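Protein chains: 2
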Amino acid sequence: MAAGDLGPADGPALRVIGRARTRWGPDDCPKNIGRARERGAPATLEIDPAFAPALRGLSVGQPVIVLYWMDRARRDLLVQAPRHVDGPRGSFALRSPNRPNTISQSTVRITALDTDTGRVEVDALDCYDGTPLIDIKPWLPSIDLPPGETG
Amino acid sequence: MAAGDLGPADGPALRVIGRARTRWGPDDCPKNIGRARERGAPATLEIDPAFAPALRGLSVGQPVIVLYWMDRARRDLLVQAPRHVDGPRGSFALRSPNRPNTISQSTVRITALDTDTGRVEVDALDCYDGTPLIDIKPWLPSIDLPPGETG
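Order-wise, the sequence lines are chains Z and P.
If you read the first sequence in our numbering, its first letter stands for residue -9, the second for the next number, and so on.
If you read the second sequence in our numbering, its first letter stands for residue -9, the second for the next number, and so on.
Hints should not be assumed to be uniformly reliable.
A pair counts as met if it fits within one copy or between any two copies, since identical chains are not told apart.
Said to hold, decoys possible - In the SDA-like style, the derived pairs of lysine to any residue whose C-alpha atoms are separated by at most 25 Å in a straight line are:
hint, residue 1, residue 2
1, K21, G47
2, K21, R46
3, K21, P136
4, K21, P137
5, K21, P128
Just so you know, these hints were derived from the structure itself, not from any lab.
Predicted model only: the values in this text are computed from it and were never measured.
Please build the complete structure, drawing on both the sequences and the hints.
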């Protein structure tokens, strides 16, 4: 669909904080976190030792938002026509990994945690094994629910 | 608190897709989206014309997740002791803008939209005027609610 001529990305550089360890590759990766969950495959966030201290205070059972960098997705697609949608739609109106900044995010639950080694197990994740991780945030109803909806 | 010696950020470079237009500066910026909402000040997402086509398909009333780059926050703080929290806590256990990648996000509601000019008005935003925007995503209960909670 419509690809923009956007030039090189010239904004701030990210730090990769670790890698996702999942069962998935290009041939079998679930299309979204719901499908990943249905397939019952937990995933591990392998946080680089340099960043492991930043995990302090997280706990098992807690819902967190994981941000990951979809490094094989396209950054120049502004309008797309995915099969499940009726007609073309802008990338900011879709959760497609193809977008100007190929950040995907899911809200998942921590099932095990070792802050010394930097290993965080979560109930599911919908990305390829080895996908770069860029952030973990506690999910908070006051910030993450739409205004007017209560948690 | 504990600042890490993390070296330069050497991951993928972001594209800045636009700027937040808010009433806030360093002296009066609300600490979080709840406070921003209480103060009743809508905000505008000024999307760069090059990226405006990616807004197609969004609609007034829709909840969206806005990702913004907190360009004055610290990237080397791994453990912090904010006043509202009991003792030091890792940056991944907090919503502080100080984190390895200074991405903040809030779920807000679109109150007006012009996809031609790239102006998206939202009910509130808790960042300084001029803050770089990096993504807009439709909020979807199947991805953004914790597992086991229904929308």
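**Message:** Of the numbered hints stated earlier in the document, which are not met by this structure?
**Reply:** Nothing - there is no hint that the structure violates, so all of them hold.
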